[in-house]
Each structure stands twice: as structure tokens, then as C-alpha cells.
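Trainee: Chains as they are written, first to last, in the working numbering: chain F, 1 to 118; chain U, 1 to 242; chain W, 1 to 579; chain P, 1 to 114.
No wet-lab data here; the hints were simulated from the structure. Warning: the hint list may mix true and false statements.
[Claimed, not checked] Rough simulated footprint, nothing fancy, chain U against chain P, three-plus residues with beta-carbon under 8 Å:
id : region
1  : 2-12
2  : 53-60
[Claimed, not checked] DEER-style ranges, computed between Cβ atoms:
id : chain 1 : residue 1 : chain 2 : residue 2 : range
3  : W       : Lys123    : P       : Cys104    : 30 to 40 Å
4  : W       : Pro322    : U       : Gly81     : 20 to 30 Å
5  : U       : Gly12     : P       : Lys59     : 49 to 59 Å
6  : U       : Pro27     : W       : Asp36     : 51 to 61 Å
7  : W       : Pro322    : U       : Gln94     : 37 to 47 Å
8  : F       : Val92     : P       : Ser53     : 48 to 58 Å
9  : F       : Ile77     : P       : Ser53     : 38 to 48 Å
10 : U       : Asp133    : W       : Lys318    : 28 to 38 Å
11 : P       : Ala3      : F       : Leu26     : 53 to 63 Å
In this text, a Cβ means the ideal position worked out from N, Cα and C, and glycines have one as well.
Each chain, written out:
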Amino acid sequence: MASVRVETKLWVWQRLSAAVLGLCVLVHLGMIIYAVQDGLSAAEIITRVSGNVLWFVFYAVFIVAVAIHAPIGVRTILNEMTNLSPKMTHIVMAVLCLVILVMGFRAIIGLYQAGASL
Amino acid sequence: MSNTIQVSVWRGAEEGAFETFEVPRQPSQTVLDVITYIQRNIDPTLSYRFACRVGVCGSCAMTVNGRPRWTCRTHVDKVAGDGTLQVAPLRNLQVVKDLACEMTEFFDKMNRAEGKFHPTKTRDDDFDFIKPDDKKRKQASAGIECIGCGVCYAACDIVDWNKDYLGPAALNRAWTLVNDERDGGNDVRLAAVAGDAGCHACHSQQGCVEHCPKHLSPTHSIAGLKRETAKAALKGLLGGDD
Amino acid sequence: MSTNIQIEELKTDVLILGSGGAGLFGALHAKAANPDLEVTVAVKGLLGKCGCTRMVQGGYNVAIAPGDSTERHFMDTVEGGKWINRQDLAWTLVEQAQVRIRELENELGCYFDRNPDGTVHQKAFAGQTFDRTVHKGDLTGIEIINRLAEQVWARDIKRMEDHRAVALIPSKDKTRIAGVLMIDMRSGAFRMVRASAVLLATGGGPTMYKYHTPSGDKTCDGMAMALRLGLTLRDMEMVQFHPTGLIAGEDTRITGTIIEEGLRGAGGHLLDGNLERFMHKYDERGERATRDIVSRGMFQEMRNGVTAKHGGLYITMKHLDPAMVKKSFKGMVERCADCGFDLVGGNVEVVPTAHYMMGGLVFEPDCTTEIPGLYAAGEDTGGVHGANRLGGNGVANSTVFGGIAGDTIARDIKPDAALVEPDRDAIDTAVRLCTQPLERPAAKIDQVRTKLWDHMWEDAGIVRDAASLARAKGTLDELDAELDTIGVAGDNLAYNLTWHDWLNLKNLILVSKSVVAAATAREDSRGAHFRADYPDVRDLENSTYTVVRLKEGEITLGTEPVDFSRVKPGETLLDESAA
Amino acid sequence: MRAGAHRNHPHYWAFVLHRASGLLLALFLPAHFYVLGLAIEGTAAMDGFLSWSATPLAKIMETGLVVLLAAHLTGGLRLLALEFIGTRESSRVAVAVGAGIALCTGLIFLLNGT
Ligand SMILES: Cc1cc2nc3c(=O)[nH]c(=O)nc-3n(C[C@H](O)[C@H](O)[C@H](O)COP(=O)(O)OP(=O)(O)OC[C@H]3O[C@@H](n4cnc5c(N)ncnc54)[C@H](O)[C@@H]3O)c2cc1C
Ligand code: HEM
Ligand code: SF4
Ligand code: F3S
Ligand code: FES
Numbered sequence: 001m002a003s004v005r006v007e008t009k010l011w012v013w014q015r016l017s018a019a020v021l022g023l024c025v026l027v028h029l030g031m032i033i034y035a036v037q038d039g040l041s042a043a044e045i046i047t048r049v050s051g052n053v054l055w056f057v058f059y060a061v062f063i064v065a066v067a068i069h070a071p072i073g074v075r076t077i078l079n080e081m082t083n084l085s086p087k088m089t090h091i092v093m094a095v096l097c098l099v100i101l102v103m104g105f106r107a108i109i110g111l112y113q114a115g116a117s118l
Numbered sequence: 001m002s003n004t005i006q007v008s009v010w011r012g013a014e015e016g017a018f019e020t021f022e023v024p025r026q027p028s029q030t031v032l033d034v035i036t037y038i039q040r041n042i043d044p045t046l047s048y049r050f051a052c053r054v055g056v057c058g059s060c061a062m063t064v065n066g067r068p069r070w071t072c073r074t075h076v077d078k079v080a081g082d083g084t085l086q087v088a089p090l091r092n093l094q095v096v097k098d099l100a101c102e103m104t105e106f107f108d109k110m111n112r113a114e115g116k117f118h119p120t121k122t123r124d125d126d127f128d129f130i131k132p133d134d135k136k137r138k139q140a141s142a143g144i145e146c147i148g149c150g151v152c153y154a155a156c157d158i159v160d161w162n163k164d165y166l167g168p169a170a171l172n173r174a175w176t177l178v179n180d181e182r183d184g185g186n187d188v189r190l191a192a193v194a195g196d197a198g199c200h201a202c203h204s205q206q207g208c209v210e211h212c213p214k215h216l217s218p219t220h221s222i223a224g225l226k227r228e229t230a231k232a233a234l235k236g237l238l239g240g241d242d
Numbered sequence: 001m002s003t004n005i006q007i008e009e010l011k012t013d014v015l016i017l018g019s020g021g022a023g024l025f026g027a028l029h030a031k032a033a034n035p036d037l038e039v040t041v042a043v044k045g046l047l048g049k050c051g052c053t054r055m056v057q058g059g060y061n062v063a064i065a066p067g068d069s070t071e072r073h074f075m076d077t078v079e080g081g082k083w084i085n086r087q088d089l090a091w092t093l094v095e096q097a098q099v100r101i102r103e104l105e106n107e108l109g110c111y112f113d114r115n116p117d118g119t120v121h122q123k124a125f126a127g128q129t130f131d132r133t134v135h136k137g138d139l140t141g142i143e144i145i146n147r148l149a150e151q152v153w154a155r156d157i158k159r160m161e162d163h164r165a166v167a168l169i170p171s172k173d174k175t176r177i178a179g180v181l182m183i184d185m186r187s188g189a190f191r192m193v194r195a196s197a198v199l200l201a202t203g204g205g206p207t208m209y210k211y212h213t214p215s216g217d218k219t220c221d222g223m224a225m226a227l228r229l230g231l232t233l234r235d236m237e238m239v240q241f242h243p244t245g246l247i248a249g250e251d252t253r254i255t256g257t258i259i260e261e262g263l264r265g266a267g268g269h270l271l272d273g274n275l276e277r278f279m280h281k282y283d284e285r286g287e288r289a290t291r292d293i294v295s296r297g298m299f300q301e302m303r304n305g306v307t308a309k310h311g312g313l314y315i316t317m318k319h320l321d322p323a324m325v326k327k328s329f330k331g332m333v334e335r336c337a338d339c340g341f342d343l344v345g346g347n348v349e350v351v352p353t354a355h356y357m358m359g360g361l362v363f364e365p366d367c368t369t370e371i372p373g374l375y376a377a378g379e380d381t382g383g384v385h386g387a388n389r390l391g392g393n394g395v396a397n398s399t400v401f402g403g404i405a406g407d408t409i410a411r412d413i414k415p416d417a418a419l420v421e422p423d424r425d426a427i428d429t430a431v432r433l434c435t436q437p438l439e440r441p442a443a444k445i446d447q448v449r450t451k452l453w454d455h456m457w458e459d460a461g462i463v464r465d466a467a468s469l470a471r472a473k474g475t476l477d478e479l480d481a482e483l484d485t486i487g488v489a490g491d492n493l494a495y496n497l498t499w500h501d502w503l504n505l506k507n508l509i510l511v512s513k514s515v516v517a518a519a520t521a522r523e524d525s526r527g528a529h530f531r532a533d534y535p536d537v538r539d540l541e542n543s544t545y546t547v548v549r550l551k552e553g554e555i556t557l558g559t560e561p562v563d564f565s566r567v568k569p570g571e572t573l574l575d576e577s578a579a
Numbered sequence: 001m002r003a004g005a006h007r008n009h010p011h012y013w014a015f016v017l018h019r020a021s022g023l024l025l026a027l028f029l030p031a032h033f034y035v036l037g038l039a040i041e042g043t044a045a046m047d048g049f050l051s052w053s054a055t056p057l058a059k060i061m062e063t064g065l066v067v068l069l070a071a072h073l074t075g076g077l078r079l080l081a082l083e084f085i086g087t088r089e090s091s092r093v094a095v096a097v098g099a100g101i102a103l104c105t106g107l108i109f110l111l112n113g114t
């Protein structure tokens, strides 16, 4: 059994990140609904976001929060519903966290810089 | 209304099968009475557990039509609308035989959750002054009438999925004690109920609340523990990694 | 002759029979006084879940309020007991209750109800001159037993759950107790548990009556085992009836269970089959008269024959404010509703119901008994309550004496002491008694139970006389003989409830015989014992109490003078001039 | 079949929905980032993807995801309220309201997009 303290802290982190995500998702959902109103095009997206620091910071926070929140959740599910060992689920959690961070930042950095090349 | 009911009853232990009996309907008839009728009149080898017959001891809980219930206070009308009844032993516990379960693990978990009083005074002292409308006293009172029937324990999927999980009843008891101002055991108790065998494993499924025959709310007791243990963890009070 | 059944043998220092207030306190105290003792609790069901201590609703009598006193509680107890209590026992009860209640609250964690100012609340209970009943809502027993069980689970105390004691086994030379023969109910196997000390705390329980309140596991096993060992029981004619039990036919286990006394206190009416009130015919206080008077009034009405559907009478709260009834009697209203009765707006059929046995094993204030090594406490014992038990003195009795028994055992017994050799013949006899039905073709036993219930209720219940008791005696002999012809299917003994029903009946019939014998001997009416042919209390100054023993299969009877060791009838310990 | 009848109550369904939506979102997320990441390789590839995403099938999937996100959000807020504020009576209502909001969000998204 994993450490009580670690488990408790993971729980706290998941709830904290959920609270942050709550705000992010509201804003994000608002934005997509607004954005899809007249059909998306890549150019549009990019013009809207590239070089916009505020936008970048917002999504950086979003990604960090998801990278904390989702892997912890996935780990719980794996612990409860599969036969994977606790060690294994811990590794999955860490890998998922990394994947989200790397891919997330790759995407927003890309979008942020894309405008410059237009 | 037909004047008999078809009752299928679990026979065997972990391995077993349902067996069907036909039992006459009575105006005043609980599920326990139906089971008793079978044992007294049809199959004398049927095993089941009961004691008080009035919802006090929590010995008679079984799975009735798929739901955990106390049987001594479940009127047949409430559960056998279609004239059939399926009775099985309580889920998540080891079956002794037929409908009787072994509850040792359930009680061990009460103990593991430090669900026992840690005294700070002795028999030579007077009663503490505690006002009935004191906030903590009220919180303690909210969960104190648990009869340990195991219904909530059977209604919770986490108990099934996570064998170490202490379960709603034990955690509810722990929360009652956390709010008991006379108790001196909260350091050990919070460490005992934190983590993935304790309160943090609960996903608020609320099957416990839905089924508790005493209308208690283990979910909210557990939520209380989540908050208190999290605070303790952040303050570094839960001790080192074990 | 020796049986060829293999009997597993276990050893422990202290063996406790029963997990009510008496048993659990015995275990905790023995362990606390000497942690090196190996203490084992054996119980017919699950630890803390069976027995009657759990079912206590009203509460716990104790003189701890300013203005109350040990003497006052004592006088109430002795006057309630109609002067046949053993006074040193009654004194120990009222004095030690004051220690035990603080132990329950401060050391075990019972969270009793408080007054608005934060002091402990004590309510009124019938038959007392002071409001001294400490309680936790109307579920005091759950609070007490849950807290006790928690402490037992937390300690190094062995548990033998689903183990039924079937015989107290003496040593080979019959000078002391050697252990207890048990049936492991889960497998059906016999086990001989050898011990230096045995605490008998199986809690009596008058379940030989058609209508009764105690839990289903209580069938006078302890008293029957004591009789078979040749020990003396006293006051066996004293069976308390509670006026209002539910009645809903013989096919439901709800029949006999209690409807709270407070309902009558709050203005509830008792009605006959024509929906007319009747209690004022028997007492000017009407429904609010004491338990015994109301029970007798109801019994008389039922004899008169104007009854409700199941042969009982009605209690109704219809004329009262429904909101009040719902609020003040929430638990009762829910319990009735779950079982299909409407307590708020309807008439609920009720009947007096057998509740408690004042009589039991003769024992000393330190819980020792006639035979060394055997200790007793709780409802299994006699002498504390005399002819009537005050509401609220029952749980005080089991917790006070259970604790004392634990202390005494720790005083008397050394850990790991050499165990005496059990009397093998006694074991064989006991095994044969239990296994004899298994050797006969299986047959139904239900009719024996029904007959026992009916006849005890009719002939040896609330109202008795010489003729009815003679009838009862005859019936009991017949039923015993009938039971001895009935077999039980023995191919699977694991959790075989029907086998245990047979054993239960065997014990109930034996103890019923002692009730009938004692009731025949007492030719006056006192407390719970009412003789239609001797309706008055006679010769209070020279009061005697009854004793019964089992000799060669027959109940023998005696009477002993009461020793008024503290106070005589007509006197009081209270300084009335000051009050 | 009577097994599992103990699961048939709103809170349990809320749990199932929350778990399923959380898991699907976690799986979808890397895919989502992948698409956005294509921007690095140039807008053409991304436009290709975006035009695929205008197909009805893709539309339904996207709508589904928005519903999932909204459902997980409302369910999550409900849980946070329950765990940190200790809300009681309202939680059954909250389950219903949450489901409602999630559906509405999806609908708005669907209608807006067409
Ligand atoms: C409905 C009800 C309400 C009551 N209300 C009150 C009240 O308000 N106030 C009050 O003071 N008193 C009340 N009483 C009385 C009180 O419950 C008893 O006086 C007291 O609790 C008896 O305690 P005990 O420990 O002797 O026996 P119990 O608590 O009855 O325990 C007996 C134990 O022995 C076990 N046992 C029995 N046979 C065997 C065997 N053969 N082998 C092994 N174990 C065995 C049983 O399973 C049980 O665990 C009430 C009783 C009832 C039934
Ligand atoms: C993009 C976003 C999100 C992803 C990928 C995600 C993913 C997950 C996953 C996989 C779980 C585990 C589910 C389970 O244990 O049953 C989870 C749990 C949870 N999520 Fe999210 N989530 C997201 C956003 C949110 C938001 C916005 C909130 C709330 C405000 C939230 C609140 C929660 C909570 C409270 C839990 C814990 C549930 C429990 O333990 O019972 N999540 N999430
Ligand atoms: S919380 Fe309710 S359901 Fe669970 S054991 Fe206690 S009384 Fe039974
Ligand atoms: S059912 Fe189980 S998941 Fe939590 S809310 Fe109750 S303990
Ligand atoms: S028999 Fe005691 S709760 Fe049902």
C-alpha cells in the first residue's frame, strides 16, 4: 500500500487542480462556442492567438493543471479497475503527465509562434 | 394480489445457486418472516442470521432484489410488488452458509479506522459539560446511531474494488469521534483514515447514503475526514512515508 | 459409555459466555486488571450484535444528580422489588452504578444526552421517586454496546463468535468448574473450552412466552446449564411483562416487540376490540398506571374476549396532535410504518409481552457462585431486583456486575495456571443430550414451540393460580417428552438453525418448569407475580424467596427467608424529616 | 437480472458519468494537442484536419466531447462542493442540473456550428 501521506497529497493536488481547471474550462468552453459560430479555419485560430501573451499564459496554466489533474485520476481508475501493480499505475501516471506537458506545450508554443511566420 | 410469493434464495457459500420456494403471503410480513417461514416449514436446513428483529442489532441484513437491506424491518409489500423476491447474502462479506455472513473483516476495519474512543478522563471524573446545540456535538450526533449492519458496506463498489478500503461505516464512526470533544485520539485517527485505504478512496458514490436504513450519511462524514486529513497532511501531521 | 465424536479441545484463562453488557464488561475488566490473562468471549451470535443490552431503549438508572442519593435509589429498588431483593446486591447495584456510568461516558466514550446547560440529562422512568435515568435518545443500548464492542475489538481479547455454550463442565472431582462444552455453530462441531474461570453472562430471556421482547438468540441457556450442573436458581416465578408489545399474528417475528411506554405517558389510549377505553376500570390513573397493573388489566380484557383481529387490544394516538406524535416518537412511528402499521393516525394492535426475568442463578456481590471457578452476572442472575425490576435497572445491573465479575476473576485467577481435568462423563452426557435428535428421523418441531408459547402464556403468565400452574406443569412434562421423540436432519450440521431451535426448546422447557414450580410455591402476589387465588401481598415482614434446583431430572423447590440486611419493610433509609 | 440494483440511483449514475467523461477526456487530450501541434508543421495540414472536422461524423464526436467536458465540469464542481462545503440536500438536484447544463452546452455548440 502506498504511503498515506503521498495518497493524501495526490488527492489534494487533484482537487486543487480541479478548482483551477473549473475556471479554465469555463473560459475555454466559452471561447470554442464563440469560435465555432462561423466555422473554424486554421488561419483564424492562429491570428487570434499568436503573439498574445495573455492567451499563452492562460493555456500554460490550463495545461499544467490538466497535467496534474488527469494523470492522478487515471491512476485511480487503473488502481481500482485493473490488476496493474501500484508501481505500474504510478509510472503510467508519470508518463501521462509528461505526455500532456510535452504535447500541450508543443502545441501552444507552436501556435504562439505560428503567427510570426504568417 | 396473489396469495403466495415466489422466493428465490441463495444456497451454499461463495459457490452456490438460487433455489425457489413458494411462500404464503400475510398482511404483516417482513422479508425475515418469509425466510423464517421457509426454514420452519419447507427446508429446515436454511441458514440465516438475525437477533433483535426490530432494526437494532444489524444482524439480519441481506441482499433483497439486488439491494442491501435489513430484512427484519422490510415489509414484503415494499419489495415484492411483482410477487417475487430474490434473497442473497450481503455483498462484500464472506458467506458462512446460505444467507449468513461472517462480519469479522467489517469490524476489524472499524478498529483499523481507530473507530474507538481514546479517553482523556477516568471514571473518577465528572461528565464533561457539552451543550446539545454545540456545533461539534451536533456533528458527532449526526452519525452516532450507526447499528453496524454492513448495509452501506455492501452498497459501496469501492469496497469491492479496493480490498483495503475501510468502507463507509468505519469512516463514519471515525468522523463521529473526530467531532467528539472528549476524545484524545485524533492524531492517530487521522493518520489511520487518510489515503487510498481510507477516506480518499471514496468517490462519493453515495450508495451508502441511499441504502443506510438509519438514514445516516457516511458520504458527508467521509467528506469531513477528507478535509481534516488533507489539512493534517499539509501541516505534515500525518507522519513520514510508511 | 463414551461417544465416538471427536471433540476439539481449546484452552484459555478466562472464558466469558455472552457479549451483552455483562459479558463485555467482564472481559474488559478482567483484561484491564491483569493484561496477562488470556480472555476469550464466546457468543451465540456475533460479538455485540445479539442479546438484549443492545435493545435497551429507555436508559440507565443512576443516582448522580444533586438531590438524589444512593439511599433513594436503593429504596426505590427494594420497594419496587417488593422486599424480596437480596439487599447487599441491590446496594452494590445502586452504589456501583455511579462509578460505571462515568466509566461508560469517560473511558468507553458513550455520549449520553445532555441538558441545555451541558450537564447530563436524566429522565423520569416509572416507579421511581427521582428522575435518574441517563440515556442516549431512545437507543441507549446501541450506544452502550457499540462502545463496549469497539474497546473489545481493540484489545487482545479472543473471540469465538457463533459459538453456543451447551454445558458447564465440572472438574473430574466435581469441586470446581473445568470449562464449557460448546458447539461451533458454523461447522456444527463440538469444542471443549477449558478455562480457569468461566463467566456466565448469557442473559436469561423469557422467550418461552407466546409474546416476548428479547432477541431471538436468548433462550435461557445459561439458567438451563446452571440447573443441569446442580446449581440453585432463585425468584424464578418473577417474570416481568411489558404492557405494550406489537401483535400481528404468529407468522411474524415482529409480534411481541416493544411499543414504547412513553406513548401511554404522552396520552395514548388503550382500546378494546370495540374501540372503547377500559383501563379506568382497573386503576384511576388509567393508561398511566404501572406496568404490572396495565398488563393485568389488558390480560383481563383479553380474557373477556372483546379483542382485536389477532386477539390483542389497541393502542391509539389518533386523538393527539399528529405532529407531536411524529416528532416525539419518530423511531416508533418509523418502526411501525416499516411493518405496515400506522401509529400516528391508526389503531395499532398490542398485547402485554414477556420482557425480563428477575430470577436467576444465586450469586454473591463479588459475582462468585456456589462452585469455584464459575462467576455470574447480568440477567442470568437472581436477587438484585426482587419481585420486579425497575425500568433502567436492567442495564445498570448487567454493566455493574459484569465489571465486578471481571475484577474478581482477575483477583482469583493467575495467567497460564494449570487447568483441572474436566469430567469426561459430564462431557459425554452433554454431547448425548445435544445429538440425540440427530439420531431420529427428522420431523417438524414448530408445534412444540407453539404449544409451549400458548400454555406458558395462558397458564403461567400474567395471572396464575394453583389450577393453571398444575396444568402448566403437566403440559411441560408432555412437551418435554414430545420433544424427545422429534428428530432433526443431521446430515449437515453447519449453521443448522433447526438443530439449535431444538436445543433452544429443550432449555426453555427446563427453565419453564422452574418458573412454574416457583410460581406454585409462592402463595401470594408480589410485583410481577400475580396469583388469582392469592391476590394480596402476604406477610411482608417474614418475606421468603423461592429457590429451585434440578435433582435427577426433577425440579426441587425450597424457600428461604429474606435477610433484611439494610432495611426492614416499613422502614426507610431516607431521612424523611430532612426531605 | 437483479445483481447491481444497488447502483441504480442518481448519485451512482453521476459517478459513472464523471468517471467515463474524465477518462475519455484524458484520452482525447493528447489527440487534441496533436492537432493543435500540427500548426507547427504549417497551416495546410491543419486546415486539412479542420475540414475533416466539418464532416457530420466529426461534428458529432466534437459535440460529444464538449458535452463530456461540460458534464465532467459540472459533476466536478458538484463533488468539490460536496467535499469542501459539505452540501447535502441539494446534491440530488445538482446531479440533475449538472446533466442539464452539460446537454445544453452541447446543444449550443451543435447549433452554433451548423
Ligand atoms: C427491548 C428491550 C428493552 C429494554 N430496555 C431496558 C431499559 O430501557 N433499561 C434497562 O435497564 N434495561 C432494559 N432492558 C433489559 C436489559 O436489556 C437487560 O437487563 C440487560 O441488558 C441484560 O444484559 P446481559 O448482559 O445480562 O444479557 P444480554 O445483553 O441479553 O446478553 C446475553 C448474551 O449472551 C449470549 N448467549 C445466550 N445464550 C448463549 C449461549 N448458549 N452460548 C453463548 N452465548 C450465549 C447472547 O447471544 C448475548 O450475547 C431491555 C430489554 C429489552 C429486551
Ligand atoms: C480537461 C480536463 C479534464 C480532464 C482530462 C479530467 C480528467 C479526469 C479524470 C481521468 C478523472 C478520474 C475520474 C475518476 O476517478 O473517476 C478526474 C477526476 C476528477 N475531476 Fe477531472 N478532468 C478534467 C477537468 C475537470 C474539471 C474542470 C473539474 C472541476 C471542476 C474536474 C474535477 C474532477 C474531480 C473532482 C475529480 C475526482 C473525482 C473522484 O475522485 O471521484 N475535472 N478528472
Ligand atoms: S452507516 Fe448505516 S448502513 Fe452503514 S453500518 Fe451504519 S447503520 Fe448500517
Ligand atoms: S458508497 Fe462508497 S464511494 Fe463513498 S460515498 Fe459511500 S463510501
Ligand atoms: S434482526 Fe436486528 S436489525 Fe434485523
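Trainee: All the hints need checking, so say for each whether the structure fits it.
Mentor: Do the hints match the structure? See the list:
no. : hint                             : verdict
1   : 2-12                             : holds (count 9)
2   : 53-60                            : violated (count 0)
3   : W:Lys123 to P:Cys104: 30 to 40 Å : violated, 55 Å
4   : W:Pro322 to U:Gly81: 20 to 30 Å  : holds, 28 Å
5   : U:Gly12 to P:Lys59: 49 to 59 Å   : holds, 53 Å
6   : U:Pro27 to W:Asp36: 51 to 61 Å   : holds, 58 Å
7   : W:Pro322 to U:Gln94: 37 to 47 Å  : holds, 45 Å
8   : F:Val92 to P:Ser53: 48 to 58 Å   : violated, 29 Å
9   : F:Ile77 to P:Ser53: 38 to 48 Å   : violated, 28 Å
10  : U:Asp133 to W:Lys318: 28 to 38 Å : holds, 33 Å
11  : P:Ala3 to F:Leu26: 53 to 63 Å    : violated, 39 Å
Against the hints set out earlier in the document, violations occur for numbers 2, 3, 8, 9, 11.
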